[in-house]
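Taken in order, these protein sequences are the chains called A and B.
Note that UniProt numbering numbers the first sequence so that position 76 is 76, with each residue one more than the last.
Note that UniProt numbering numbers the second sequence so that position 29 is 29, with each residue one more than the last.
Among the hints, a few may not be true.
Calculated lysine-lysine pairs in the BS3-like style (CA-CA distance at most 30 angstroms, straight line) [to be verified]:
#1 B:327 to B:378
#2 A:33 to B:378
#3 B:327 to B:390
#4 A:33 to A:70
#5 A:33 to A:4
#6 B:32 to B:378
#7 A:60 to A:4
#8 A:81 to A:60
#9 B:135 to A:60
#10 A:81 to A:70
#11 A:81 to B:135
#12 B:32 to A:4
#13 A:60 to A:70
#14 A:4 to A:70
#15 B:32 to A:70
For the record, the hints were derived by calculation from the structure and aren't laboratory data.
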Amino acid sequence: MAEKPTEEQILAGLAEIVEEVAGVESDEVTADKSFVDDLDIDSLSMVEIAVQAEDRFEVKIPDAELANLKTVGDAVSYVAKNA
Amino acid sequence: MSTVDVVVTGMGATTPLGGDVTSTWDALLAGKNGIRANDAEWVSKFDLPTRLAAPLAVEPSEVLPRVQLRRLDRCEQIAIIAAREAWADAGFERPTEEHQSVEPERLGVAIGTGIGGPVTLLDQDDLLENHGLRKVSPLTVPMLMPNGPAAHVSIDLMARAGVHSPASACASGAEGLATAWQMIQTGRADVVVAGGAEACIHQITVAGFAQSRTLSLRNDEPERASRPFDVDRDGFVLGEGAGVLVLEREDHARARGARIYGRLAGTGITSDAYHITGNHPEGIGQINAITQAIRTAGLSPTDIGHVNAHATSTVVGDIGEAVAISKAIGEHVVLTAPKSALGHLVGGAGAVESIATLLSIYHGIIPATRNLENQDPKVTLDVVAGEPRKLELTAAVNDSFGFGGHNVALAFTAA
Numbered sequence: 001m002a003e004k005p006t007e008e009q010i011l012a013g014l015a016e017i018v019e020e021v022a023g024v025e026s027d028e029v030t031a032d033k034s035f036v037d038d039l040d041i042d043s044l045s046m047v048e049i050a051v052q053a054e055d056r057f058e059v060k061i062p063d064a065e066l067a068n069l070k071t072v073g074d075a076v077s078y079v080a081k082n083a
Numbered sequence: 001m002s003t004v005d006v007v008v009t010g011m012g013a014t015t016p017l018g019g020d021v022t023s024t025w026d027a028l029l030a031g032k033n034g035i036r037a038n039d040a041e042w043v044s045k046f047d048l049p050t051r052l053a054a055p056l057a058v059e060p061s062e063v064l065p066r067v068q069l070r071r072l073d074r075c076e077q078i079a080i081i082a083a084r085e086a087w088a089d090a091g092f093e094r095p096t097e098e099h100q101s102v103e104p105e106r107l108g109v110a111i112g113t114g115i116g117g118p119v120t121l122l123d124q125d126d127l128l129e130n131h132g133l134r135k136v137s138p139l140t141v142p143m144l145m146p147n148g149p150a151a152h153v154s155i156d157l158m159a160r161a162g163v164h165s166p167a168s169a170c171a172s173g174a175e176g177l178a179t180a181w182q183m184i185q186t187g188r189a190d191v192v193v194a195g196g197a198e199a200c201i202h203q204i205t206v207a208g209f210a211q212s213r214t215l216s217l218r219n220d221e222p223e224r225a226s227r228p229f230d231v232d233r234d235g236f237v238l239g240e241g242a243g244v245l246v247l248e249r250e251d252h253a254r255a256r257g258a259r260i261y262g263r264l265a266g267t268g269i270t271s272d273a274y275h276i277t278g279n280h281p282e283g284i285g286q287i288n289a290i291t292q293a294i295r296t297a298g299l300s301p302t303d304i305g306h307v308n309a310h311a312t313s314t315v316v317g318d319i320g321e322a323v324a325i326s327k328a329i330g331e332h333v334v335l336t337a338p339k340s341a342l343g344h345l346v347g348g349a350g351a352v353e354s355i356a357t358l359l360s361i362y363h364g365i366i367p368a369t370r371n372l373e374n375q376d377p378k379v380t381l382d383v384v385a386g387e388p389r390k391l392e393l394t395a396a397v398n399d400s401f402g403f404g405g406h407n408v409a410l411a412f413t414a415a
């Protein structure tokens, strides 16, 4: 991406990735949702989501950071800060 | 002789002849053919000598949702499809946290596969080579492991009495059923979802089987390629498919008023200890497996009216089996060879063909062996050809043999 994406763009992109990987409807993917508790996403799918997010937003998400991304909002903030 | 009666209350399948048991059975009776020209790009790329395959009639993508498909190897997909059909056919509901049709601690799974998920293994290795670690799926190992189909079914149906995944090549599906029978006999479970699955039509499996000189080369006539017991047979055709049966302790089935297709009355498992691909020339292991199945069923050879043969359409194997059946059971028995229509479903074969065996008893009719135009004179037994044959049956045997010298025979009886 030439320009830094907005938080809205990141959220929309993440929602597409989550739908692709885990089959969660994209409008369910909102900032307040927990990946594990609300969206029922397991650790294996989280790895896939992270890899796709890295490619899409040109960002690095090391495993240590991934472990801290509990909610969709956490992920949006991380990408916005590091992209 | 078995002490606990084990009945079959549900059946499911997806095969080259149909996406479920009814369509597969109807196609078998109608003499339809599941073998196709294999026009995959890799066949010409590597100039493979065999251009034949028996692919599924119904793609799993027509049945399972997209996200589930991408988390499962094809072999796991078809095991789940067949298991769900069998489960519903048995009159059970899908489990929820609040309600389970069978107590999870009394429900087991025994679903075998010959190879498991080799296509996942190879695809993921390509991704690693070409795109690096990041592109390798975190689901690689659970998709390629041969216990994956059975394990996924256990999760799907909430089975906690143990999961088994016998690997005995082309006898794996039959060994799944034999394992389930033992689980019920020994009191480990009241109900076991059992069978086999295989989905490995790939350039390397076809190349490997071709190099072992076991495949039919009748490329110009796919519909005539698989011809067990025919004098012009020249090898088997690799297929894919799954068969799953619900086995149940008889009193458990009776108490809930279940429809009973028949009994898995006895099982026989032996090993040749002779050659890794060839069967023993005197058929000792095969004879002993059949004899053991009949004995554990409390039957005598004269009770067995029908054998659903393993008969893959190889030159040597079919003769060996026919001789073994003659010696173990006698000349009175009536044979059929469903691989003439289905191709060889490898780990799925024994289970799908057990379904056919049981339906032959249940309906009193034996499907014909396709392409049996000139029966090999060395095969002296009566093989059904041309049209299906109506025959009242009280007991029948299904044979399955596998690379490695595995021999599994299952004796089914009427309810």
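Hint by hint, here is what the structure shows:
1. B:327 to B:378: This hinted pair holds, its Cα atoms lying about 14 angstroms apart.
2. A:33 to B:378: Violated, at about 71 angstroms.
3. B:327 to B:390: Measuring from Cα to Cα gives roughly 25 angstroms; hence the hint holds.
4. A:33 to A:70: Holds, at about 9 angstroms.
5. A:33 to A:4: holds, 24 angstroms
6. B:32 to B:378: holds, 27 angstroms
7. A:60 to A:4: holds, 14 angstroms
8. A:81 to A:60: Status holds; Cα separation ~11 angstroms.
9. B:135 to A:60: holds, 14 angstroms
10. A:81 to A:70: Roughly 16 angstroms separates the two Cα atoms, so the pair holds.
11. A:81 to B:135: holds, 24 angstroms
12. B:32 to A:4: violated, 61 angstroms
13. A:60 to A:70: Judged against 30 angstroms, a Cα distance of about 17 angstroms means the pair holds.
14. A:4 to A:70: Given pair residue 4 of chain A, residue 70 of chain A holds - Cα atoms ~23 angstroms apart, limit 30 angstroms.
15. B:32 to A:70: violated, 55 angstroms
The earlier numbered hints that this structure contradicts are 2, 12, 15.
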